[in-house]
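Start from the sequences, fold in the hints, and give me the full structure.
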Amino acid sequence: MMLEKLKQTFTVTEVKEQKKNLTFFTVPKEQMEMMLITLRDHHDYKHLSFIVGIDMIEDGVFKLTYMLYNYETNHSFGIHCNIDREKAEMDSFHHLWEQVGTYQRELREMLGINFEGSPRLEENLSLDEGWDGPPPMRRDFDTKEYSNNTYFQREGRVNYDPREYMREQLYPTFPKTESDKLLNGGGKK
Amino acid sequence: MFTPDRSKYPKHVNGRPEIDLSSGKYTKVWHGPQHPGITGNMALEITLCGDEVVESITHVGYLHRGFEKLMERRTFIQCFPIVCRIAVPEPAFNEYCFSAALEELSDIEIPEQAQWLRTFNLELMRLSSFLMWIGGMAGALGQGTIGQWCVTHRDYVADLFEEMTGGRIYHMYMLPGGVRAPLPPGFKERAFKVFDGIEKMLDAVDKVLYNNYVFKQRTQGLGIITRDMIERYGVVGPNARACGVKRDVRLDEPYVKYDELDFDYVTANASDAYARAVCRFEETLQSIDLCRQVLNKMPKDGPFHTKTPNVMNWKVAPGETYAKAECTRGEYGFYMVTDGSDKPRRVHARGPSMTHAICLMEQLAINTNVSDIAGLMVSIHTYPPEVER
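One line per chain: the protein sequences are C and B, in this order. Quick note: the first sequence uses our numbering, first residue 0, plus one each step. Quick note: the second sequence uses our numbering, first residue -5, plus one each step.
Note that these hints are calculated values from the structure, not bench results. Misleading hints may appear alongside valid ones.
As a list, the in silico DSS-like pairs of lysine-lysine whose alpha-carbon atoms are at most 25 Å apart [as the list claims (entries may be wrong)]:
{"id": "1", "chain 1": "B", "residue 1": "Lys63", "chain 2": "C", "residue 2": "Lys62"}
{"id": "2", "chain 1": "B", "residue 1": "Lys251", "chain 2": "B", "residue 2": "Lys187"}
{"id": "3", "chain 1": "B", "residue 1": "Lys22", "chain 2": "B", "residue 2": "Lys5"}
{"id": "4", "chain 1": "C", "residue 1": "Lys4", "chain 2": "C", "residue 2": "Lys28"}
{"id": "5", "chain 1": "C", "residue 1": "Lys4", "chain 2": "C", "residue 2": "Lys19"}
{"id": "6", "chain 1": "C", "residue 1": "Lys62", "chain 2": "C", "residue 2": "Lys15"}
{"id": "7", "chain 1": "B", "residue 1": "Lys194", "chain 2": "B", "residue 2": "Lys182"}
{"id": "8", "chain 1": "C", "residue 1": "Lys6", "chain 2": "C", "residue 2": "Lys28"}
{"id": "9", "chain 1": "C", "residue 1": "Lys62", "chain 2": "C", "residue 2": "Lys45"}
{"id": "10", "chain 1": "B", "residue 1": "Lys240", "chain 2": "B", "residue 2": "Lys251"}
{"id": "11", "chain 1": "C", "residue 1": "Lys19", "chain 2": "B", "residue 2": "Lys251"}
{"id": "12", "chain 1": "C", "residue 1": "Lys15", "chain 2": "C", "residue 2": "Lys28"}
{"id": "13", "chain 1": "C", "residue 1": "Lys18", "chain 2": "B", "residue 2": "Lys309"}
{"id": "14", "chain 1": "B", "residue 1": "Lys301", "chain 2": "C", "residue 2": "Lys18"}
{"id": "15", "chain 1": "B", "residue 1": "Lys337", "chain 2": "C", "residue 2": "Lys143"}
{"id": "16", "chain 1": "B", "residue 1": "Lys309", "chain 2": "C", "residue 2": "Lys62"}
{"id": "17", "chain 1": "B", "residue 1": "Lys240", "chain 2": "C", "residue 2": "Lys18"}
{"id": "18", "chain 1": "C", "residue 1": "Lys6", "chain 2": "C", "residue 2": "Lys62"}
{"id": "19", "chain 1": "B", "residue 1": "Lys240", "chain 2": "C", "residue 2": "Lys45"}
{"id": "20", "chain 1": "B", "residue 1": "Lys63", "chain 2": "C", "residue 2": "Lys143"}
{"id": "21", "chain 1": "B", "residue 1": "Lys337", "chain 2": "C", "residue 2": "Lys18"}
{"id": "22", "chain 1": "C", "residue 1": "Lys86", "chain 2": "C", "residue 2": "Lys28"}
{"id": "23", "chain 1": "C", "residue 1": "Lys45", "chain 2": "C", "residue 2": "Lys19"}
{"id": "24", "chain 1": "C", "residue 1": "Lys6", "chain 2": "C", "residue 2": "Lys45"}
{"id": "25", "chain 1": "B", "residue 1": "Lys240", "chain 2": "C", "residue 2": "Lys19"}
{"id": "26", "chain 1": "C", "residue 1": "Lys62", "chain 2": "B", "residue 2": "Lys337"}
{"id": "27", "chain 1": "B", "residue 1": "Lys182", "chain 2": "B", "residue 2": "Lys251"}
{"id": "28", "chain 1": "C", "residue 1": "Lys15", "chain 2": "B", "residue 2": "Lys309"}
{"id": "29", "chain 1": "B", "residue 1": "Lys294", "chain 2": "B", "residue 2": "Lys182"}
{"id": "30", "chain 1": "C", "residue 1": "Lys15", "chain 2": "B", "residue 2": "Lys337"}
{"id": "31", "chain 1": "B", "residue 1": "Lys337", "chain 2": "B", "residue 2": "Lys301"}
{"id": "32", "chain 1": "C", "residue 1": "Lys18", "chain 2": "B", "residue 2": "Lys251"}
{"id": "33", "chain 1": "C", "residue 1": "Lys62", "chain 2": "C", "residue 2": "Lys28"}
{"id": "34", "chain 1": "B", "residue 1": "Lys63", "chain 2": "C", "residue 2": "Lys86"}
Some but not every residue of chain C turned toward chain B, in silico, with C-beta under 7 Å [unchecked claim]:
{"id": "35", "residue": "Gln17"}
{"id": "36", "residue": "His46"}
{"id": "37", "residue": "Val51"}
{"id": "38", "residue": "Ile53"}
{"id": "39", "residue": "Asn73"}
The beta-carbon is built from N, C-alpha and C at its ideal position, and this holds for glycine as well.
Shown next as structure tokens:
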């Protein structure tokens, strides 16, 4: 009912009713601000639960989700908005709710999305000042490779393959090929 | 009430005060991260003019372990022991939200007994966390004895948890598909004994702390959250209820067995640190009552776990959902996105501290006396790991 009304003004696509109290839909980037204001001021969706960014690397977009909640009807709207991954920019909505600024700081830090005009956007929440890697929540950020290139092993430290090490400790006389077979499920398919 | 002399104040440029430290008028103090009056590993960078706060900036990141990134690289069952680490003093809410989201996405219905056991575990967790909070609040305002009483009784609750789940702090009890174990024999009587002890202790706390002149003088009028701030800052939980706003996920959108229990919103009016303390005290008593109700209404036995797919190779169809619960600080939820593989695509933990600890705290700290910062901070009740995750 309400969605029908919204559809008259906005380009609402990919509507999905997940459960009784939760509906997801997608709107284009440029209609997002108007959508949030309409829902907040005219339909009582006054509580913003969170903003989260999902890296859809296969589609080349970041999918931002704004979760709004209505305390009168106990209904939530999850509003998606796809933005280009290469040119990651989104309008800032810090003037609508105070906590939006904090969420936008987190999104800039973790996904590298720029929110023009958002207050204190450059201040990192958790990464320290010396962080020079890419935004860590992006899918193409390889944590293992980064830590191998950035940090170094303590001197005198030896790494063992756990399977190999246990075999040598427990069954030193057992032939290697036989033990491998047993460890891989006894040759059963 | 304390009325500040505005003439000393710095000019505000772009919403922030212009502070010239070399003028000698201002002092910068770090409150935390290693400070007994701080809730968790968090720091406030405070600028003082005399003993009055003119600017406060919250710094987190001392506990960052990248939980959300870790979960993207792990199978669902491997994520399960990670999630409880997100809020250390109350892991049960994380376990519940994660399990509920996963069950919803893979269409699993859990048995009735498991729902009762989950309700009991969540409510006992709330009791344990509130006991810790009352002790912390008293400690922050110089009454360490009450902190010791509360922590002692919290330990008895931890004993109950140990009996029920095997763990004292991290229980990993509510796993996807139900719970891990039923209640041991004779548990109900032992639990009731602990509850009686806690009620007796809380009676003493009411007399010693809540009727204490010093405590009242220091907390009344401190950190008032006005009615319009509730919407603008997204305030939830006891912080909102202390302002008279009726918001409680347990009653608004009942989950597990809360719709079969008899309880109501606990509210206060003044919305200052004292009202929040009273609100939480009442909720502690309510929590004991709910625990008793659950134990009395719960069926004696029944299946407590349902069949799930092989957890080593559990693939969940593409979808997304948001499962939420009322933790001690308000709305807590897990937003989970799956893409058909055996790992979650994205898991986001929504904690109330994200708003309370940063924008609300920074706002409330202004004009406060520096000696009240610890009390103010504890009265908002924040856990920094939720912010940085």
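Right, here's what the structure says about each hint:
Between Lys63 (chain B) and Lys62 (chain C) the CA atoms are separated by roughly 16 Å; this keeps the pair inside 25 Å, and the hint holds. For a cut-off of 25 Å, the pair hint linking Lys251 (chain B) to Lys187 (chain B) stands: about 24 Å separates their Cα positions. For a cut-off of 25 Å, the pair hint linking Lys22 (chain B) to Lys5 (chain B) stands: about 17 Å separates their Cα positions. Among the hinted pairs, Lys4 (chain C) with Lys28 (chain C) is consistent with the structure: their alpha-carbon atoms are about 19 Å apart, no more than 25 Å.
Only pairs whose Cα atoms come within 25 Å are accepted, and Lys4 (chain C) paired with Lys19 (chain C) is accepted, the gap being roughly 19 Å. Of the pairs offered as hints, the one joining Lys62 (chain C) and Lys15 (chain C) holds, with about 15 Å between alpha carbons and a cut-off of 25 Å not exceeded. Of the pairs offered as hints, the one joining Lys194 (chain B) and Lys182 (chain B) holds, with about 18 Å between alpha carbons and a cut-off of 25 Å not exceeded. For a cut-off of 25 Å, the pair hint linking Lys6 (chain C) to Lys28 (chain C) stands: about 15 Å separates their Cα positions.
For the suggested pair Lys62 (chain C) and Lys45 (chain C), the alpha carbons sit about 22 Å apart, so the restraint of at most 25 Å is met. As the CA atoms of Lys240 (chain B) and Lys251 (chain B) are separated by approximately 20 Å, the hinted pair is consistent with the 25 Å bound. Proximity of Lys19 (chain C) to Lys251 (chain B) is assessed by CA-CA distance (about 18 Å); at most 25 Å being required, the pair is judged to hold. Distance check on the hinted pair: Lys15 (chain C) and Lys28 (chain C) sit about 19 Å apart at the alpha-carbon level, within 25 Å; holds.
At most 25 Å may separate the alpha-carbon atoms for a hinted pair to count; Lys18 (chain C) and Lys309 (chain B) meet this at roughly 21 Å. With a C-alpha separation of about 23 Å, the suggested pairing of Lys301 (chain B) with Lys18 (chain C) holds against the 25 Å cut-off. At roughly 18 Å between alpha-carbon atoms, Lys337 (chain B) and Lys143 (chain C) fall within 25 Å of each other, so this suggested pair holds. For a cut-off of 25 Å, the pair hint linking Lys309 (chain B) to Lys62 (chain C) stands: about 22 Å separates their Cα positions.
As the CA atoms of Lys240 (chain B) and Lys18 (chain C) are separated by approximately 24 Å, the hinted pair is consistent with the 25 Å bound. With a C-alpha separation of about 21 Å, the suggested pairing of Lys6 (chain C) with Lys62 (chain C) holds against the 25 Å cut-off. Proposed proximity of Lys240 (chain B) and Lys45 (chain C) is supported: the alpha carbons are some 14 Å apart, at most 25 Å. The suggested pairing of Lys63 (chain B) with Lys143 (chain C) holds, with an alpha-carbon distance near 12 Å, which does not exceed 25 Å.
Between the alpha carbons of Lys337 (chain B) and Lys18 (chain C) the distance comes to roughly 22 Å, so the proposed pair stays at or under 25 Å and holds. For the suggested pair Lys86 (chain C) and Lys28 (chain C), the alpha carbons sit about 13 Å apart, so the restraint of at most 25 Å is met. As the CA atoms of Lys45 (chain C) and Lys19 (chain C) are separated by approximately 19 Å, the hinted pair is consistent with the 25 Å bound. Among the hinted pairs, Lys6 (chain C) with Lys45 (chain C) is consistent with the structure: their alpha-carbon atoms are about 20 Å apart, no more than 25 Å.
For the suggested pair Lys240 (chain B) and Lys19 (chain C), the alpha carbons sit about 22 Å apart, so the restraint of at most 25 Å is met. For the proposed pair Lys62 (chain C) and Lys337 (chain B), the alpha carbon gap of about 18 Å is at most 25 Å, so the pair holds. The hinted pair formed by Lys182 (chain B) and Lys251 (chain B) meets the criterion: a straight-line CA distance of about 18 Å does not exceed 25 Å. A hinted pair counts as satisfied when its Cα atoms are at most 25 Å apart, and Lys15 (chain C) with Lys309 (chain B) qualifies at roughly 21 Å.
In summary, the hint linking Lys294 (chain B) to Lys182 (chain B) is supported, as the alpha carbons are separated by about 11 Å, within the 25 Å threshold. For the proposed pair Lys15 (chain C) and Lys337 (chain B), the alpha carbon gap of about 22 Å is at most 25 Å, so the pair holds. This hinted pair checks out: Lys337 (chain B) and Lys301 (chain B) have alpha carbons roughly 19 Å apart, not beyond 25 Å. For the hint linking Lys18 (chain C) to Lys251 (chain B), the alpha-carbon distance of about 18 Å falls within 25 Å, and the restraint holds.
As the CA atoms of Lys62 (chain C) and Lys28 (chain C) are separated by approximately 10 Å, the hinted pair is consistent with the 25 Å bound. The suggested pairing of Lys63 (chain B) with Lys86 (chain C) holds, with an alpha-carbon distance near 22 Å, which does not exceed 25 Å. A hinted interface residue such as Gln17 (chain C) counts as satisfied when its beta carbon comes closer than 7 Å to some beta carbon of chain B; here the least separation is about 5 Å, so the hint holds. Hint on His46 (chain C) holds. Least Cβ distance to chain B is approximately 6 Å, under the 7 Å limit.
Nearest Cβ of chain B to the Cβ of Val51 (chain C): about 4 Å, under the 7 Å cut. The hint holds. Checking Ile53 (chain C) against chain B: minimum C-beta separation of about 5 Å stays under 7 Å; hint holds. Because the smallest distance between the Cβ of Asn73 (chain C) and any Cβ of chain B comes to about 5 Å, under 7 Å, the interface hint for this residue holds.
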